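So the protein lines, in turn, are chains A and B.
Residues in the first sequence are numbered from 5 upward in steps of one, following the working numbering.
Residues in the second sequence are numbered from 101 upward in steps of one, following the working numbering.
Hints are computed from structural coordinates only; laboratory data are not their basis.
Note that the structure is a prediction, hence the values are computed from the model and not measured.
Glycine included, each C-beta is placed from N, C-alpha and C at the ideal position.
Rough simulated footprint, nothing fancy, chain B against chain A, three-plus residues with beta-carbon under 8 Å:
id, stretch
1, 63 to 69
2, 72 to 82
3, 100 to 109
4, 134 to 141
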Amino acid sequence: MHTNAAAAWNLFPGTIGWRKRRQHLSIPGATLESLPPERLFDLTWAATVVEHALQRLREECESKGKLWLFQALSSHLTDERDEVSYAKLSAELGIAETAVKKQLHNMRQRYRSLLRDEVSQTVEDPADVDDEIRYLCASLATGTE
Amino acid sequence: MRLDTGICVSCLLREGLEGGDDVSQAFYQTVLAEVDAPHKSWFLGNYEILEQIGCGGMGVIYRARQRHSRRIVAVKRVLSYRADSHEALERFRREAQAVASLDHPNILPIYEVSESEDGLPFFSMKFAEKGSLQENAASLRDEPRKCVQLMAKVAHAVEYAHSRGVLHRDLKPGNILLNDRGEPLVSDFGLAKLLDGNNDLTRSLTTFGTAGFIAPEQAGDAAVDLTPAADVYSLGAVLFNVLAGRPPFLGSNPVSVIRQASETQAPKLRSLAPSLDRDLETICARCLERDPKARYQSAGDLAADLERWLAGRPIVARPVSPPARIWRWSQRNPKLVGAATAGLLLGAAAVWLFRGELFRASQFNPPDRSIAVLPFTDSSEAKDQEYLGDGISEEILHTLAQVDGLRVAGRASSFSLKGKNTKEVGEKLNVGNVLEGSLQRQGNRVRVTAELIDARNGFRVWTETYDRELDSAFALQDEIARSIADALKIKFAVRLSAHEQPGNGVYDRYLQGLFTDVTHPTGVSRIGASVPVQNPSDPFTVPDYTSPGDFDPRRPDTRVTAAPPGTGFTTSVRDRASEAGLRTNKITADVIAAPPETAFNTSVRDRASEAGLRTNKITADVTAAPPETGFNTSVRDRALEAGLRTNKITADGPASLQGFVKDAKGEPIKGADVRIESRDGKQVFSTVKTDPKGRYISQGLQPGVYRVTLLVNGAVKASIMNTQTKANQPTQLNFDFKPTSQAGNTARRGKRMVWMPGRTGSHHRR
Chain A
5 MHTNAAAAWN LFPGTIGWRK RRQHLSIPGA TLESLPPERL FDLTWAATVV EHALQRLREE
65 CESKGKLWLF QALSSHLTDE RDEVSYAKLS AELGIAETAV KKQLHNMRQR YRSLLRDEVS
125 QTVEDPADVD DEIRYLCASL ATGTE
Chain B
101 MRLDTGICVS CLLREGLEGG DDVSQAFYQT VLAEVDAPHK SWFLGNYEIL EQIGCGGMGV
161 IYRARQRHSR RIVAVKRVLS YRADSHEALE RFRREAQAVA SLDHPNILPI YEVSESEDGL
221 PFFSMKFAEK GSLQENAASL RDEPRKCVQL MAKVAHAVEY AHSRGVLHRD LKPGNILLND
281 RGEPLVSDFG LAKLLDGNND LTRSLTTFGT AGFIAPEQAG DAAVDLTPAA DVYSLGAVLF
341 NVLAGRPPFL GSNPVSVIRQ ASETQAPKLR SLAPSLDRDL ETICARCLER DPKARYQSAG
401 DLAADLERWL AGRPIVARPV SPPARIWRWS QRNPKLVGAA TAGLLLGAAA VWLFRGELFR
461 ASQFNPPDRS IAVLPFTDSS EAKDQEYLGD GISEEILHTL AQVDGLRVAG RASSFSLKGK
521 NTKEVGEKLN VGNVLEGSLQ RQGNRVRVTA ELIDARNGFR VWTETYDREL DSAFALQDEI
581 ARSIADALKI KFAVRLSAHE QPGNGVYDRY LQGLFTDVTH PTGVSRIGAS VPVQNPSDPF
641 TVPDYTSPGD FDPRRPDTRV TAAPPGTGFT TSVRDRASEA GLRTNKITAD VIAAPPETAF
701 NTSVRDRASE AGLRTNKITA DVTAAPPETG FNTSVRDRAL EAGLRTNKIT ADGPASLQGF
761 VKDAKGEPIK GADVRIESRD GKQVFSTVKT DPKGRYISQG LQPGVYRVTL LVNGAVKASI
821 MNTQTKANQP TQLNFDFKPT SQAGNTARRG KRMVWMPGRT GSHHRR
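Kindly produce the complete structure, drawing on both the sequences and the hints.
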């Protein structure tokens, strides 16, 4: 349970309900203060979308009794292929290296599907998903510079 | 920007732009299934998860080991996609706590209700070694007598829960577990309520699990208030199932099963199992009546009939004329006829001789709100903690004595009865409740156990154990006494009828949910935790306060007192809709309280309309009424800061919140719910309804900062953040709806403003 509230920002308390505990954006408070509200909103929006996709992924793993797999691999979702030490993960998890590769690959793909699904719910036309993701990426870039 | 897991948000977003095929959930599950789980321990709170033992409608069940005691328990965890709203989770927590207070040998005990790191609730409960009735059904089928014995116990357990205001709603063989001795343990009490209220039948059915066991009225109109008869139906269906080897109705899908249950009479038990006794068939048929009124009126009645059958006596379900009843009985028990006749005569003589005693006993009818506090006994080996036990008792006594409307027996008379049984204490002091307890010291720790006993029947109403370090005896004494006294106030408040509510804030404290040990249906009602029972004799009827006549000024939570004259100051409300909740129909209001003598113009900056949100603009006027004594406060609560604070108490004394709700035409909205929540919305302190004039008032609040949410017909219309309330003065908060006709469908860059999944509140229709 997160207790050090001062160290983390919950941008919109209450509006995220129970999810808020996980929504800790490591942006210095001063930076947030200086952001215009619209930008701040986009930041939270982006984080929420990502959080939701991750949460769904986590629960899909958990419902199959594979939360341990999620916990071990989710931090490598965005790693480049050569950044991942499959041998280390294999030793940690006690499963074959090939199995680690396969699981991480599929977890990535599934995460992508979930993320796109989350974003598609927020745009009028499903074809806008890519644009929306790019827009949010751009917002993040300018918002946290 | 990174999540607290350290992953960069941008990277996670960009991942969505990478190529690759869509991976469906089904496919991914097969991939997950490929990898075998080596033993990987992980923890949920204090529990080391050992293995998954089930996956129900709401979540996952694990076998787990308690970290320190090594005790093996079952841990049930709700998954958020099963309950995707804050309300549902909140209800889950309340329900679990209500169930945790049920204490019956045939109800699966819940040890702890807690929350995991990600904020999802879970609870730990006894691990039932022999699995469920479903798993044991085949072996039990050949022993109808054993089945009936088992079901009689189950019915007693259900009856007990009903008497505490908890309906099960999902009785089925899978929810009746067996301990190592084969004794039944009913699990999952009231939890089916979690996702109830959703009109989507398919979803309800998944929630309910097996459709064959729920009462027809339960599957129908979601608005129907269920009664214990719904559980009686399910008990009958379970009995039918264990005896016949299948539920009463079968079908290719849940909907067809429900339809059959609603439209046709249940098949006769003996048409499936001809060897069974006709009386069992009658008992099942009585439970499975489509009309709830035609069933046994209580689970206790069913239990009694099952026990009659076990004892070879005529059952009640099939009315038998009295002479025939005697004839049948005498046929079965020829030797007893003579003895019974003699017994009757003796009995009559005894009644006559001891009529005085009997009459006195029946006269023991103490006031419900009365209590005696016995000195807490010292069960330490050294027996050197008597002073602490006495001190705690005296402190509790002192605290309770200050509660209006609660009769507390005096110290001397109570303490003189130390060691007597509770019934005797109750009778001697004419009190309905007796609080007793014990304490035990081990090293520098002390464990205090308190029990509230209903003096009329000797049943334990409430119990709590406190484990504390013995640093300062006085502080400990104070703290425990206060905890117990507060919990008891809640208990008493729960058990009082609305008309008897003392206006001392005790009841309001209950409303605030400071203690959520809600064993009453008020905690599970569709209106919410705050609705008291108006008719204690029928705790399952939740009153509807929407009609004008229902507005009862005696009810603390609906009482409307006129706001103090407008000598107060006007505040400035800056609407940060675009910051905090544009897409979620949420309005964040910064409330700036100013010194009373200063007059401000109301300034409402509505960014929602700027951004083109297609919704009603909400004007929040927050006016603090003039304080009794002058103050000079300038509080500026920014929405951004809100997350860093908890509800803070600014001063002693109760605060209150009041105002009106008006629609776009300026007409009052009656029957709307105004919910007073913690700032993060995770805790609901009170829900009050607006009266026919659209007014509401919530009294007895702790002074502090709240989030106030308005719900009209169950839909969230507005949430006002950071509403500051102050001690001993009412705060005015009005909801005035004005449509913004110019608001368009599109906002920035043609993006459709929609509901953000998982956030609380409701979104407007497309």
